Structure formats: structure tokens, C-alpha cells
Amino acid sequence: MERENRFWRVVLLVLPLSVFAVFVVWPLFSSFWYSFTDWNGFDPNYAFVGFDNFVRIWTDRLFYGAIVNTALWMVAAILLPTLLGLALALLLDRQIRGARIFKTIFYLPICLSAIVVGQIWTWIYQPDWGLLNAVISFVAGEPFTHAWLARPGSALWSVIVAWSWQQTGLSMVIYLAGLTAIPSDLLEVCDIEGASPWQRIRRVVVPLLIPSTIVVIALSVINSLKGFDILYIMTGGGPFHSSDTLAMHMYNESFKKYLMGYGSAISVVLFLIALVIIGFYFRQLKRLDEIYG
Amino acid sequence: MTCFNRRALIACVAGAVMAATGISVSAQDNEVTITHYFTGDLGLKALNEQIARFEEASGYVMRNSPVGHEDFKTDILVRASGSSLPDVFSYWAGARVQFVVDSGSLTPIDDMWDREGLDDVVAKSIADSATLYDGVRYLVPFNYHYAGMFYNTQVFADAGITELPGTWDEFLEVAETLKNAGVTPIALGSKYRWPAQFWFDYLLLGTAGPDYRAALMNGTARYDDDEVSRAMAMWKDLADRGYFAANANADTWTDASDRVARGDAAMTLMGTWITGYWNDIGLVPGDDYAFFPFPVIDESVPVSVVGPVDGFVVSAHGNNPEGGKAFLAFMMSDTDVQLAWTNAVGAVSANVNVDPANYNDVTQNVIATIGASDNFAFNYDLATPPPVAEVGLSMFAEFMDDPSRVDAILEQAASDAASAFTQ
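First to last, the protein sequences are chains U and A.
Basically my numbering = 1-based index in the first sequence + 456.
Basically my numbering = 1-based index in the second sequence + 143.
Since the hints were derived computationally from the structure, they do not count as laboratory data.
Nothing here was measured: the structure is a model prediction, and the numbers come from that model.
Wrong hints could be hidden among the right ones.
Unchecked claim - Here are some, though not all, of the chain U residues that point toward chain A, as calculated from beta-carbon distances under 8 Å:
id, residue
1, Phe498
2, Asp508
3, Gly521
4, Ile638
5, Pro695
6, Lys712
7, Arg743
Said to hold, decoys possible - In the DSS-like style, the derived pairs of lysine-lysine whose C-alpha atoms are separated by at most 25 Å in a straight line are:
id, chain 1, residue 1, chain 2, residue 2
8, A, Lys188, U, Lys712
9, A, Lys216, A, Lys188
10, A, Lys216, U, Lys682
To be verified - Using C-beta positions, here's what the derived DEER-type ranges look like:
id, chain 1, residue 1, chain 2, residue 2, range
11, A, Gly247, U, Leu469, 53 to 61 Å
12, A, Ser372, U, Phe736, 21 to 29 Å
13, U, Trp514, A, Ala551, 51 to 59 Å
14, U, Ile561, A, Gly385, 39 to 47 Å
15, A, Thr395, U, Glu644, 34 to 42 Å
16, A, Thr217, U, Gly735, 27 to 35 Å
17, A, His212, U, Asp584, 35 to 43 Å
18, U, Ile561, A, Thr395, 47 to 55 Å
19, U, Leu539, A, Thr217, 49 to 57 Å
20, A, Glu442, U, Asp584, 34 to 42 Å
21, U, Val671, A, Thr217, 29 to 37 Å
C-beta atoms are modelled at their ideal positions from N, C-alpha and C, and glycine is treated no differently.
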């Protein structure tokens, strides 16, 4: 019986493990290998160049720009949806009229693909007839309008806003679920003891929402590391590399300049950064898990 | 029972594997696979019609898988890396084809070229510049385009412009007249960067000439040379005078074309594909729009025209190279195909047997302009290797964002391009 079970375990694992090996493990090791070559992406003849590609990274000004943008992207893409989601959940958790409709509306963007969200916001930001400039023009006058995605100072932030708009609904739903788990007698005690609404949120609600926050941040970290598609559709890293993140820079070097070896070296660095962040995160998660059980 | 299940499972897996591998060897002898980037409404429909003509005439069956223009640039190279290229694919003649030739991904077509007598069919200037790579033929020029100054005739008339500019001073005068009439003289949509390249191409070719430009494209000249600075200073002068529509980097080429079509802007420097786009939205060539060649800056410099050549090439990894060559020969030689195709997409045929009288007035004027020029040059991103082209295209977009930084931008481009040439 045990032998039979072992057979089926192996058989049933063969397919998923093969898919994982072919589509994840093999490309990962291929990237490591190519990062030590001068491969252009399609020529069967290429040379082993040792650490040349990694040395070049240190002199690549676009790489440094991409590092700064990636850091900005990650911090903003984690903080904004988390804080906005919490605020919305606290607002909608009370018995206000139409709360269910608002919850649905705020959650809807997460159901759209990043490409659709990117296109919607590209239209909103369009300088001549976009919604944002139309509102600004109406309220403050035409001199205050701006080419949001076409100027280097605003392109990345404009994408971050679009990203946060989509992700906030997910954080809100997780926090709403967390709020239902807070014992109502605790909140009643707050009322009896005369705690202000701020004290109630600050001292009781937010600390009890820490398990939800862990989930929200975990999802935000994972989603922000994957956040390539919306940037690709809205700016493509432009104008002139001003919104390049590491993933976008890697794509441009590999597929637009045809420097697959160098692009692979960037992907290795990106992989190591992600590894450190996720390793650190799991360590913290384990500690919190020990505290909260 | 267990044994039966186990055998059944193994049989199923084996069957699935055989079925999967069987697909790749089941291609028929008369089947030719093709990938191309003509995916716009006009291009796709017109090409499908020409493909049907080939199928009917030859008995081959074409398996067609189009890919969008921007995605094609990546898609085709990814497929080349996996040796899974289709039998035939469209490609832009010049540095990009050279790049693929260098990787051994293309089949020479000299045998077909001689057999079909294409020397007598393809215009010599195009054949020499677009089809030969390292002395071997790889491409047939399915059509070519020309970049010129396309303008709204009504806007010009309303501003009282009766004489089209032939020289740089006359051009500045026309732009000033338009500006004074309350119209933005020039629309440029450089969101995807490439539309800005025509300004650089013409200003550099018109001041420094084709030999210097070729040196810059192959890395023997530098972006901080006086020749480049002079061309960029003229471009900056136009921007400083307020002749360009605001926020060029927010617009695509069709946005810029729409500005001219609506009369918000007067003209745009664009390829002849704009005629296909405008005709499709109901503009009448000659009545609603026309073009004039880029003005002559220095009479001592040979007159150059700029544009891309769209070609078809045969893959080295395909299953049916002979079918591919037959397709190329038919598409190039058949004058009905050439005429229907080029008229549909607003291009010009490189087939000398196509009578120019079959084109509209604007295209006939384009053909005359090309014929009167001294030199046909590929536009920037097809004339220099792709890693360098990326540097230049970003440089143009950065310049359009803030022309006052031109010196710093050129210095940076010189360093980036020098580094890109060594990669």
C-alpha cells in the first residue's frame, strides 16, 4: 500500500515539477549562465566574458537611475495601497448608507488587468483631452495643466498613482475581513472608557489588524516586484529612461539593444535584491508569527 | 486493475507526447509560414488579399501569423534565438537585417533573384542599398516609404502661403507666417521616439552630407562633433521660436497627424504611410493635404531623401525555403500585387514596371522627388546598429523635452554611443 502511494505521489508530482523545472528553474539557471556571456539574444555564436557584464553595471548611469526608481516604486507601491486600503476599510466598516456599493466600486479595479488599468490612466493623463487636465483646467486654469506621462519629473509618480488605484481595493477587502475579527466587546469598552475615535483606532484597531497588515504587505511586496506590465503600457520606462525600473531596464537592454548577456546580468542583480528583501520579510514574518501565534 | 491503470496512464502520457511532437513534423510540403508587422486595418486587409493572390497563382498555402509593429521587433528575435522562425517574415532593410544576417538566421536568395531576373525589376538604387548584405542578397523590397513635410493645404491657404518653401530661409518664413496666423507650424509626436529621428536625419544630411552621416552611423564620427552640434542647433532654433506643438513626447505619430488633419497644426515631417492613414479617415490627397520636400539648407551638399524599406526575407531555419522564395518572387514581380499593396498603405513600389500614373498626385510627386534626389538614406534607427539607435532615439526625445540642454545631451549621447558601439 505504501509502495503504491509512493508511486502515485511520484506520478502526480512529475507533471507540476516538470513544468516548474522547464519554466522556472531552467530559465533561472540559463540567465545566470548568459550573464557571463556577450550573447545578443539570437546569435548561436557568443563568447564567455567572465564578470565583464557585472563590472559594466557599475558604470551604467541608467542602472543607477533604475535602482532609485525601483526603490521609489517599491516603497510607494507598498505604502500607498496599504494606507489607503486601511483608511477605506475603517470608513466603510461603519454602518453608513451605501457601504456595500462603495466596497464593490473600490474593489472593482483589482478585477481589471494591468494593461486595461494602464490604458485607462493613460487616457486620464492625456494632456489635451484627459480627465485630469480637464479638471485642473476647470478648477485652477490652463497654466496648471501638465503632460503627466511625458515629463521626466512626473512619469513614474503618475504610474504609481494608477497602480495604487488598482491595488487599494485588495488591501481594503483584507482589512475589512480583519475588522470583522475584532471582538465587539473591546470596542464597547473603548466607548465606556471614553476613548476618542483616534485613540480607538491607534491603540486598539490598528494593533489588532497586524495579522491583516502582514498579509497586505506580503501581497504588496510580491505584486510590486511583479509590477512591470502597467509601467510598460504607460511609459515603457520613458520619457528617456526617467521611469525605468530595474525590470524595465533589463527588458530594454535585452530586447531593444539586443544585449541579452548584459540584460541577464541585470536580472541576476534583480534576483539577488528580491532574494534579500523576501528573506528579510520571511524572517520578520516568523518573528511576528511567534508573537501572534 | 492497478497494473491496468498504470499502463493506461503511461499510454496516455506517451500518446500525448507523440501527438505534441507530431505537430511539428506534420507541416505539408506546400505550406509556407509567414509572420509580418502589417497589422493596421489597412495593411492587414491589403496583405491578406495579396497573399490570397499568391496562393491562387502558386498552389502554396500560407500560414499567416501577424504581430503588432512594436512587438514584432522583439518577437522575431526571440523566435530567431529558438531557431523557430517562420519560413518568411517582413523586416526593415538596413542595420536590422544586417544584425540578423550576422547571426546566420537568413537564407540567401541570389539563386531566386537571378532566376526571376529581379535585376530588371527592382529599382537599382533600392536594390543596391536594401537587398545586399556582405555582398549576398537576402531581401526583396516589398515597398518603400519616403519622409517628407506633409501639410494641411487649407491651413496654408488660410495663412496666405502660396509658395512652398524650397530653402531653409523660406521655410523659416513660412513657419513664422503660420505662427503669426495663430496656427502651430509643426506637429511632432515623439511618444515612441522614432518620429523625431527624421528631423535629425534631414538636418544632419542637409548640413554635413551623406558621407559624414554614414560615418556617424558606423561609429567613425562622434555625437559631440561640430557637424552634429550644428544640426542640433538648427533644430533648437526651431524649438526656441515656438514652432513645435507643445508636449511632443505625449503624442504618438497619429496624434500629430490628427493635429494637422484638424488644422490645429500646419505640417508634420512624416513618412508616406501618413497618406494611407489620412486617406482612411477621409482626407483627399491634393485637396486636403499635400507635401513638400525637406528644404535645402546648403546647396553645396548633395540632396538626400530619407525613408525605410519594408522587405521580406527567408529564414534559415524554416521548413520550406523554396516556398518562401517563391512567395518573395511573386510579391516583388507581380505589378498588380505591388500596385494594390502600395496604394493601400500609402507606400511606393520599388518595382520599375509599376506605372507611376496609377498613383495619386501626392505619391506621384513623392516618386518625382525621390528620382530628383542624389541619395536615398535609411532613417536613423535603420541606419545604425540597434544598441546605438536606442541611444540616439532617447537623445531626440530628451532634446524635445528641454532643447536648452542640447550641449549636455550631446555630450552624454557621445559617451553612450561610443560605449554602445563597443558592445
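Hints, verified against the model:
Against a cut-off of 8 Å between C-beta atoms, the interface hint on phenylalanine 498/U holds, since the closest Cβ of chain A lies about 4 Å away. Because the beta carbon of aspartate 508/U sits about 10 Å from the nearest beta carbon in chain A, more than 8 Å, this interface hint is broken. Hint on glycine 521/U is violated. Least Cβ distance to chain A is approximately 12 Å, over the 8 Å limit. With a cut of 8 Å, the hint placing isoleucine 638/U at the interface with chain A is violated, because the nearest CB-to-CB distance is about 47 Å.
Interface hint status for proline 695/U: upheld, as the beta-carbon distance to the closest one in chain A is roughly 5 Å, under 8 Å. About 5 Å separates the beta-carbon of lysine 712/U from the nearest beta-carbon of chain A, less than 8 Å, and the hint is met. The closest approach between the C-beta of arginine 743/U and any C-beta of chain A is roughly 43 Å, which is over the 8 Å cut-off, so the hint fails. In summary, the hint linking lysine 188/A to lysine 712/U is not supported, as the alpha carbons are separated by about 29 Å, beyond the 25 Å threshold.
With a CA separation close to 21 Å, the supplied pair lysine 216/A and lysine 188/A stays within the 25 Å bound. Between lysine 216/A and lysine 682/U the alpha-carbon distance is near 23 Å, which keeps this suggested pair within the 25 Å criterion. Separated by about 40 Å at the C-beta atoms, glycine 247/A and leucine 469/U break the suggested range of 53 to 61 Å. About 49 Å separates the C-beta atoms of serine 372/A and phenylalanine 736/U, a value inconsistent with the hinted range of 21 to 29 Å.
Between tryptophan 514/U and alanine 551/A the beta carbon distance is about 22 Å. The supplied range of 51 to 59 Å is therefore violated. The supplied range of 39 to 47 Å is met by isoleucine 561/U and glycine 385/A, whose beta-carbon atoms lie about 44 Å from each other. Checking the proposed 34 to 42 Å range against threonine 395/A and glutamate 644/U shows it is violated: the Cβ atoms sit about 59 Å from each other. At about 32 Å, the CB distance of threonine 217/A to glycine 735/U agrees with the hint of 27 to 35 Å.
For histidine 212/A paired with aspartate 584/U, a C-beta distance near 24 Å fails the hint of 35 to 43 Å. Between isoleucine 561/U and threonine 395/A, the C-beta spacing of about 32 Å breaks the proposed range 47 to 55 Å. Range check, leucine 539/U to threonine 217/A: Cβ separation about 37 Å, and the 49 to 57 Å hint is violated. Between glutamate 442/A and aspartate 584/U the C-beta distance comes to about 40 Å, which sits within the given range of 34 to 42 Å.
Checked against the hint of 29 to 37 Å, the pair valine 671/U and threonine 217/A passes, with Cβ atoms roughly 36 Å apart.
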